[in-house]
Each structure stands twice: as C-alpha cells, then as structure tokens.
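Construct the complete structure from the given sequences, taking the supplied hints into account.
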Amino acid sequence: MGQKDFQPRKWQADVEAEGTLNGEPIHWHVPEEAPVALVYGGINHVVMLATPANLEDFATGFTITEGIADGAADIRAIEVREKAQGIDLLITLADAPQERFELRHTRRNMVGRTGCGLCGIDSMEQLFQKVTPVADTPKALEETSVQKAVEAFAGQQPLKQLNKSVHGAAWVSAAGEIMLVREDVGRHNALDKLIGALVHDGTDLADGFVLVSSRASYEMAQKCVAVGARAMVSLSAPTAFTIRLAREANFTLANWSKGGLVTF
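Using this note's numbering, you'd call the opening residue of the sequence shown number 2 and step up by one each time.
Worth flagging that the hints you see were computed from the coordinates, not collected in a lab. Note that CB positions come from ideal geometry on N, CA and C, so glycine has one too. It is possible that some hints are incorrect.
What the hints assert, rightly or not - Derived Cβ-Cβ restraints for the label pairs, each shown as a range:
{"#": "1", "residue 1": "Arg82", "residue 2": "His106", "range": "17 to 23 angstroms"}
{"#": "2", "residue 1": "Gly42", "residue 2": "Leu22", "range": "32 to 38 angstroms"}
{"#": "3", "residue 1": "Ala95", "residue 2": "Pro26", "range": "51 to 57 angstroms"}
{"#": "4", "residue 1": "Ala73", "residue 2": "Gly261", "range": "33 to 39 angstroms"}
{"#": "5", "residue 1": "Ala238", "residue 2": "Ala97", "range": "37 to 43 angstroms"}
{"#": "6", "residue 1": "Ala73", "residue 2": "Arg105", "range": "18 to 24 angstroms"}
{"#": "7", "residue 1": "Ala78", "residue 2": "Lys259", "range": "43 to 49 angstroms"}
{"#": "8", "residue 1": "Ala97", "residue 2": "Gly156", "range": "40 to 46 angstroms"}
{"#": "9", "residue 1": "Glu144", "residue 2": "Thr21", "range": "42 to 48 angstroms"}
{"#": "10", "residue 1": "Trp29", "residue 2": "Ala176", "range": "34 to 40 angstroms"}
{"#": "11", "residue 1": "Glu144", "residue 2": "Lys11", "range": "40 to 46 angstroms"}
{"#": "12", "residue 1": "Gly203", "residue 2": "Pro26", "range": "46 to 52 angstroms"}
Now the structure itself:
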C-alpha cells in the first residue's frame, strides 16, 4: 500500500503498512485508530479514537461505566454507521436515561484522544463522590490462578500478535481460565469493550477477575467498580489514586510482577 492510497476505504482493526529499514522496504501490520462518535438520541456526546472492532460492546460498556445507563436494559438499540471521516455509534436509550442524559449533558470537545480517563465529569466534586463498596471485604485471589491467566494472556490477543501495539482486557474465571478478551489501541476502550460484552452475556462479575495488559489507572478501577466487578490484575503498576479508590470500594487491586502477585 503506497502513501497516496493509505486512506482507509473501509474501517478495519488491522492495517498493512509499508516502510523502510536501513533503506530496505519492510511490511508491517499497524492498528487502526478511528474517530468514533458516541451519539445518544441525536446528541453527539464524545468522539473517541478507538480500534474499529467490537464497537457494539464498546458502546454498551462506555454507556454503562460512564453512568449514562444503569444497565443493558436501558439500551434499546445500537447502530454502527461508518463514514469516510470515522464511525458513528447511534445509541437509543430508554426514555428515563435519555431524559437524564439530556438534562445533565454539557457539550465537550474531546476529539483526538485514544480513550479518555474521566470522560463524563466536569467538576472535581463529581470525581470525589462517595464510592459504594462492591463487597463487605476485598476478594482474595489465588496466585496460581493469576499466573495461569497471565501466561495464557498473550496467546489470546490476536491483534497484539499482529501489530504488537494494542492493549488487552480479559475476563478470567476464579480458576484462572481466560473466558473473554477484547483489544483496542486505548486501554480504557479495551476495558469498556470487555465490560460491554460481559454485560451482554449476563456474566456474574462477582466470581472472576479482570486482567489488563496496561497499568491500572483510577478510571479503569472506577469502571470495574461501577459494574460490580470485584478484582482487577494489571501487568503494569497502579497509581496511588487507584489504590485509594480500591481500598475505599473493597475492590481487590493487584499487579503481576516478576516477583509474583502484589496485592494492594
């Protein structure tokens, strides 16, 4: 594919690109980063940069974890509409959540980011609202189960095997079996896709744990807590802000390191 025809004819998750190395031509696979607009009842809420795959899952996960809808029952329909400049996700909500969305909606120009941390707030007060604990006590994780999942994780990420540069989020059973994986150029997007798929499947989120290839950021833990997941394991260290949230929510936050499982 030459430079002149590198514009996408159809949005796809993986793109073949040509380059040079030491003057010699090389052939690479690179991830796509598509502008994706989430539109609720005709109101354009936000434009994200995301991998154009599993977009119905993304729309569901984002809508629920950002508090726009309380659950899958509040989402009546999702239409994926591709155009030359990007992709529109046209989301139809039930009457009550749509009215709530319109009441609190403030137009924000959030174009150009690959995922976003705190997409749905416009004040510090909203950020520091009291957290409802996901359980009376934090969930205990078996180190052998986590190790089993971590060792299998890379083999369950087909996009990363192609381009080496996307994030993965997995749902893992208590026994360490990887049940579901979603990938995206944005770590928040990958998690939203995973959560959306789990919600569609009616998965009991109190049983297993989330495994992410990225660091554990505050907003990712917040998304897990919002849907009742009880634990997340990351392959990069969490932030201090994330640890404080996890402790307040009785949410198990752990990191898999060379020394083993570190629980905070």
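- Task: Would you pick out the hints that fail for this structure and give their numbers low to high?
- Result: Hint 2 alone not satisfied by this model.
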